[in-house]
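Student: One-letter residues, chain by chain:
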Amino acid sequence: MTPAKIERIFLTLSASMLLVFLGAFFYSAFGMGMHLPGWGGTIDPAAVRATPPFDQPGVREVAPGRYEVVMLGMAWAYQPSEIRVPAGSEVTFIATATDVVHGLHIEGTRVNFMLIPGQIARLTYTFEEPGEHRIVCHEYCGVGHHLMHGTIIVEGVE
Amino acid sequence: MSTPVVASPEGFELPEGQRRVIRWMIYLAFFALSIGILNGLGQALNYARIDILQYFPRMRTYHQGLTVHGVVNAIVFTFAFSNGFLALTTARALARPLNGGLLWAAFGSMVMGFLLAAFAMATGRASVLYTFYPPLMAHWSYYLGLALLVVSTWIIAVALFVALAGWRGENPRQRIPLLAFISTATYAMWCLASIGIAVEVVALLLPWSLGLVENVDPLLSRTLFWYSGHPIVYFWLLPAYVSWYAMVPKHAGGELFSDSLTRVVFVLFLLLSIPTGFHHQYADPGIATGMKAVHATLTFGVFFSSLITAFSIMYALEIGARRRGEKGLVSWFLKLDWKNPALLAQILAMLTFTLGGITRLINASYNLNQVIHNTAWIPGHFHMTVGSAVTLSFMGIAYWLVPYLTRRELVGRGLARAQAWLYALGVLIMARGLISGGLNGMPRRTLIMEAPYDDATWRLAGMLTGLGGTLMFVGGMLFFFVLVGTALFGKKMMGTVDIPFTVTHEGPATTGWAVKLDRYRYWVLATIILILIAYGPFLVSYLPGNFTSPGYQLF
Ligand SMILES: [Cu+2]
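Protein chains in written order, with our numbering: chain A, 1 to 158; chain B, 1 to 555.
No lab work stands behind these hints: they were computed from the structure. Backbone N, C-alpha and C define an ideal beta-carbon position, used for all residues, glycine too. Do not take every clue at face value.
Unchecked claim - Covered stretches of chain B (in silico footprint by chain A; criterion: 3 or more residues with CB under 8 Å from a CB of chain A, positions within the stretch not fixed): (1) 360-367; (2) 447-457; (3) 546-554.
Please put together the full structure from these sequences, using the hints given.
Tutor: Given below as structure tokens:
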């Protein structure tokens, strides 16, 4: 085989591999509904606490088995810092930051997004298994950054 | 027919004045790296729960150290090295001196920028990390310092393109020498890429930190930052690629296979490096998912050029090994000249970069990113790209570059080899630690040692991170011994010395489509169109922006 031919084979295989990967993750996103946060609306960070739904942070059942968690990130805490939902519930997080940029990662899940002042983040996730997950702020937000954490408890349903 | 990658293969001497400023640029780069590596040790040991930062003079917080580590390594070191190295390769490839005034102006701008940023960081006024996301607000001198560092790269770009235009004027209808093309293509890409960060700093952050305007838009700032923040990784990487393509085959006794394919790779980097920034913002609210998907697709396109590179470089190395008489299918790899520290360091850099590339593909994979976004996985990943592919390659390059610039022979070849092995091993161990910690949810950029939410699975990860970081530190220190030893005590070289450069097996095409690869005008235009496609819809729907955040100094 000539080098030019080997080169062509290598490049064809490389391109095919990348196309398969692209197809796989687009299918998981747009076919299976594992979405990234997208456009969620803007808000004035100074007026967050007076603007619904952020005037009442917390957990709400909006339909049987479906919950909304309205959440605020601030230096250096989450509000609420403890969340309880039953196993099997579909939870939509609606969150923003009141001061600087924070992050929110529920460990062991793909609930992982930024809290950016002025922007409203939305993400939906279904918690199938009962258990406890740590929530950590993963964006540097000042000297107390490492103190910023919370918990979500997925309760077993009898 | 074999063709050299430079215009006058028989030799060209850079004027001594220009050799001097390039030498100072390279010294500045490695001086910055020495500070960065020292701070890196403090960072790595933090994961192993050992606090040495408290013994650093003026160091008040972990994040002050992390800011210094990021800025001096990722900005000062890389910029200064590229400025010096690619100025040299362009001048040599065209056999033509550059404008000495511009070289000194770039050096001056770099020193000023470094001093301003260093002042802000040392006094604790800028502990905002090297990504400086507003509304955390640093002192204005920090932003001005960063701006001057970028300006110094623009001055070099002017020097390179003035020289290129001069050469083309005198050599009409001739193909640009390959080494000059890939060197200037790197700067062409960066000039277009740095617009985002320039606009962010000059239009948004400087007036805001000076108190001229009250509020900033955090999302718009992040978007401008990542417009530059992704291609900046290619600005770090491409000087190493220049060396891998144009010099490493020579070290290995081989030759580069295809001139055209090499140009295609650099044109792809020019076209695709920039319209991919949203893949750093997958987790950001406020950006439509459809646009994130567009950037994801283009990011995979850039990865294709790295796969071509893997092929071309491996093939060049194989040609070298076979010329040394090796017949085996894979055993040729062991027959390379492992005794040459310049080659050894760069091969080890390539090997660790393979893992860096695989983890990069995972980061770029849209929703797969949600598993690892902002965990310790990310620093695990990029220490195998900028931390080794780039840094270890630059160290390898220094093993011939510093002798070339000082006309002194390399001191301590054995030490140089040990350095490369230790550093590469350290990177792998540290990355193993950070990556496993990240998969278990360990956040990045966090004072893990004092976090209230400790996790048993992070202990081993932290210890490996500390161990790997320590080995990298020792490897780094050995490098500085060799460097300083060579500059001060190396045996004087007689006669003229030249830089190493390879020949291409298939030289530049004289007819057909490949001739058009040299037409910068078209490629720059195509790049701008791609940028408009990638960023236009977001900007049109988002502007005039949401300027509602005052500054915070929570550090
Ligand atoms: Cu936070």
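Student: Run the structure past the numbered hints and jot down the numbers of the failing ones, going up.
Tutor: Checked against the structure, no hint fails, so every one of them is satisfied.
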